[in-house]
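Visitor: Those protein sequences? They're chains A and B, same order as listed. All residue numbers for the first sequence refer to the working numbering, where the first residue is 1 and numbers rise by one. All residue numbers for the second sequence refer to the working numbering, where the first residue is 1 and numbers rise by one.
FYI, nobody ran anything at the bench for these hints, they're computed from the structure. No residue lacks a Cβ here, since even glycine has one placed at the ideal position from N, Cα and C.
Partner residues are not named here, just some residues of chain B that face chain A (Cβ under 8 Å, in silico):
hint : residue
1    : 394
2    : 400
3    : 406
4    : 410
5    : 412
6    : 413
7    : 417
8    : 424
9    : 427
10   : 430
11   : 434
12   : 438
13   : 442
14   : 447
15   : 481
Cβ pair distances, simulated, as ranges:
hint : chain 1 : residue 1 : chain 2 : residue 2 : range
16   : A       : 55        : B       : 473       : 38 to 44 Å
17   : A       : 206       : B       : 463       : 55 to 61 Å
18   : B       : 289       : A       : 64        : 37 to 43 Å
19   : A       : 205       : B       : 501       : 23 to 29 Å
20   : A       : 191       : B       : 425       : 23 to 29 Å
21   : B       : 494       : A       : 55        : 41 to 47 Å
22   : B       : 12        : A       : 49        : 51 to 57 Å
23   : B       : 12        : A       : 198       : 55 to 61 Å
24   : A       : 31        : B       : 24        : 55 to 61 Å
25   : A       : 434       : B       : 473       : 57 to 63 Å
26   : B       : 32        : A       : 30        : 56 to 62 Å
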Amino acid sequence: MDASGLTPLFALLAPVLGAFGVVILRRHPPARELCGVVAGIAQIGLLATMVPAVRDGGTVSLTLSTFLPEVSIALRADALGIVLAGTAAILWVLTTFYAMGYFGTAADPAVTRFHAFLCLTMSATVGVAFSANLITLFLFYEVMTVITYPLVTHTGTPEALRAGRRYLTYQLGAAIAFLLPAIVLTYIQAGTFDFIPGGIFGPDTNGTLLVIIYLLYLLGIAKAALMPVHSWLPAAMVAPVPVSALLHAVAVVNVGVFCVFRVVLDVYGSDLAGELGLGILTLVVTSVTILVASLYALRLDSLKGILAYSTIGQLSYMMLGVALLSPGGRTGAILHLVGHSFSKITLFFAVGAIYLATHRTLATELRGIGRQLPWTMVAFGVGAISIIGLPPTVGFIAKYFLFIGAVEAGQWAVLAVLSVSTLLSAAYYLRMLRSALFDAPLMVPAGASGGTAGLMGTPTVREPGALVLGPMLVTAAITVLLGLAPGLILDLIRVAAG
Amino acid sequence: MNEVSAAEQVGFPILSTLVFLPILTMVALAFIRRDRILRRVALGGALAVLGLSMWLTARFDTGAADFQFAEKVPWVPAIGLSYHLAVDGVSILFVPLTALLVVVVMLSTWTSVRHQPKAYLMAVLTFETAAIGVFTSVDLILFFVFWELMLIPTYVLIKVWGSGPHRGRAAARYVLAMLLGSAALLVGFVLLGVSYRSAPGSGEELSFDLLTLMDATVPLGTQTAVFFLLAFAFALKAPLVPFHAWLPATLLEGPIGMAVFLAGLKMGVFGFLRFVLPLVPDAFVTFSWLIAGLGVVAVLYGALIALIQVDLRRLIAFASISHVGLAMLGLSSLNAQGLQGAVFMVISLGLVSSGMLFAAGFIHQRVGTTDIAALGGLAQRTPALATFALIASLGALALPGTSGFPGEFLILLGAFRAHGWLAAIAVTTVILAAAYVLVFFERAFHGRIRSTIVSATSDLRPREAVSAGVLGFAIVALGVFPTAALDYSSASVENLVGRLDITTVATAD
Chain A
1 MDASGLTPLF ALLAPVLGAF GVVILRRHPP ARELCGVVAG IAQIGLLATM VPAVRDGGTV
61 SLTLSTFLPE VSIALRADAL GIVLAGTAAI LWVLTTFYAM GYFGTAADPA VTRFHAFLCL
121 TMSATVGVAF SANLITLFLF YEVMTVITYP LVTHTGTPEA LRAGRRYLTY QLGAAIAFLL
181 PAIVLTYIQA GTFDFIPGGI FGPDTNGTLL VIIYLLYLLG IAKAALMPVH SWLPAAMVAP
241 VPVSALLHAV AVVNVGVFCV FRVVLDVYGS DLAGELGLGI LTLVVTSVTI LVASLYALRL
301 DSLKGILAYS TIGQLSYMML GVALLSPGGR TGAILHLVGH SFSKITLFFA VGAIYLATHR
361 TLATELRGIG RQLPWTMVAF GVGAISIIGL PPTVGFIAKY FLFIGAVEAG QWAVLAVLSV
421 STLLSAAYYL RMLRSALFDA PLMVPAGASG GTAGLMGTPT VREPGALVLG PMLVTAAITV
481 LLGLAPGLIL DLIRVAAG
Chain B
1 MNEVSAAEQV GFPILSTLVF LPILTMVALA FIRRDRILRR VALGGALAVL GLSMWLTARF
61 DTGAADFQFA EKVPWVPAIG LSYHLAVDGV SILFVPLTAL LVVVVMLSTW TSVRHQPKAY
121 LMAVLTFETA AIGVFTSVDL ILFFVFWELM LIPTYVLIKV WGSGPHRGRA AARYVLAMLL
181 GSAALLVGFV LLGVSYRSAP GSGEELSFDL LTLMDATVPL GTQTAVFFLL AFAFALKAPL
241 VPFHAWLPAT LLEGPIGMAV FLAGLKMGVF GFLRFVLPLV PDAFVTFSWL IAGLGVVAVL
301 YGALIALIQV DLRRLIAFAS ISHVGLAMLG LSSLNAQGLQ GAVFMVISLG LVSSGMLFAA
361 GFIHQRVGTT DIAALGGLAQ RTPALATFAL IASLGALALP GTSGFPGEFL ILLGAFRAHG
421 WLAAIAVTTV ILAAAYVLVF FERAFHGRIR STIVSATSDL RPREAVSAGV LGFAIVALGV
481 FPTAALDYSS ASVENLVGRL DITTVATAD
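Based on the provided sequences and hints, a complete structural model is requested.
Guide: Listed below in structure tokens is the structure:
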């Protein structure tokens, strides 16, 4: 059922109001943080009210303004958009609590800025999720880049500013150089900017040109972190953990993958994508990215670096799923988008907890930490198992669908890629887990990595407070819950997969 | 070409009021002695012009391609001259833009100009009269008169209130370059007027009236000659590469008030839209490849040179040259999107370029230089100034949501249709814009504070904050609601495109 209504707009505006609240109450923590929580819960509620409308493949649309002749800024909520926005909104609320534990609740201007821009990022996420055409998508995509910059450079150190510059250069550069021309060329070929399930190109369009436009899209959507436009993501890890967790495991990167979904499904359409060989092309690019990223992660020691490269690989899993051009592949891809968000944010939360408790940031420093931080390492373990793709987690279910999709599509090589990369991720995640759980605790002084008073590994190491542990355990629990009862969201995801 | 008279629309000669109100204010200033009253009267006059121009904009009929608010009085009938003012969708928005920039210039230099403020304000007001005259004249010779009149206040402003040591030379150089262009312009106009005599239905009369000339057909040979004369004059003014050398010099040496007018009011591009496209359409179509080529070269060259500048004002000058190149590329695409984009972009640049220049001016006033090496860390001391500079910078890199985006997007759309791969080259260089704009912002506002002057700097004062706020708001508002501006130009642009269609315009040769 296609309806029109204001709900998508309210969902877009709720975080903006939250940002205003954060700024107004900047001198009154924790009321400041609660603004974000309230806005987030309001957003979740608004998204939930749209679920019945989109459940049968319907949409909720709203045209905001005529932007250019023949082009409008228009919102259209469909199942896929709700899945993206809903995942981000739930994790936003949890991240806000986590950040209260991580940064503390002092009336520090930097923390106010963090919460305000986090709200705005959520608004941009909803904007992308509900974009009804390429122009609206581009608008919110670019706004998101600028809004996340102050979050990446949160600490203001020269290193952070350097990383921030790289972040902006990659994001803006790719978007202007490749995405914008791709959109312009799409319009010239198709005569419209609108997303239409099944594609917008006419039958007599020049195939070679369409392949070139597709490549421009893949290069231009740098947020999806496909190689070779991936290196902003490890650079962005300079940001504090709550930023990396929500932005660079969930909001920003999911938006990137989502844009690729939209291009494949609603600009080209599965049929045309198959005819042009775009599916195979994407499979090759994503496979290379998956394997190279896994090998890279294997060599790294920095925890956040490993997670960053793991994310690059996992994002490609999702795009690979869509590129299989089969219903199973798409279902797996979208389920993986949700599942990976919960699993990876759990891992980031755990890495943040480890840092808070011990100031350790390297994988080799995890030795024996499981005995000191049992809850943190349980969460870390759940996240790791889900990323590897083992039961009873949501990661397993998603990979299962991807395998089915690959078989449906007859892509045996993809099966091989999935298997090899599963082994590689198992190698680096299980190595960390084994070391944390079974090796003797690290007893040397903190040394170069800084640290709290006294010796590292002495009994002074304690789990961080409830505000850090709570959100982490909740995301870990959801990771398991969705693994045991994927039916909770599978209906909606099947609709989103078409 | 049809016109609707001002008497019909508003009941009084509104355009003449707009043109002469500034110069009347200027005359009034001559009799005032005290500085405080002087500034208030000048600002009052400028605000009245702004208010009236907003009202004019509100009364404009956006649905029609006609020339509106027309006033026509015979001037020298023997040689076909008349005092003829009117605006259409292409020119209407330049009037409030000019009025706005004058108000903002006055506000932002309220205290900084201490040397002979009376003469300064008189020069600014004279410039306003000339500029509004340029945008509203539809008689070629009347246009030329206002065009030349601009030179006097410009010269004086640069020479007397300039900030650089070589301001005298920069002023002279500017005037010489413009006079060279003016000579070509006058010859071109006269050629058009004379050739009208042999057109059917002219009754062997001369005419310099834009509307009359638009209805006549001009032989292709004459068109070609006129095209090159006019294109030279307007390319010099725009400035289009390779006629751009005066702009960086004047922006660096001149006062910020003048720089805003020179970089913000893109009269050269306006000249192409007003005279070249409608009057010599066949020649323009024939040589559009030349304009497109020069446009792409300018986009590339301007952006590359901007990237290596060590002074903010020179950086802005080359950014401006790059943007003009893009606007010219839009014109040369000969389709509605390209032309709409060009008109929109030129209006947007009036806000964005001047916004960046104001930011540079505020910096100059505080730190005494716009040399990047001496800046850094300003944002810590001047968060409001930094925010304003950021909005203007994002407008310059054409971020969606700012006024820079719709124009650039439409130009790319039009250019891809018309030129294909040439447009692709232009696009890749737009990334350079992102690079130099970020360099601009980061070098000036981020990082460590390197000088004691910066660490003692204060943020925007109330009058400056009002100026910055108005410009910043306009940049965002036009970015979010571009149709507010596009609706004005669409009918006239469609009409222009119709004239450019080479199959419908008879080429009587």
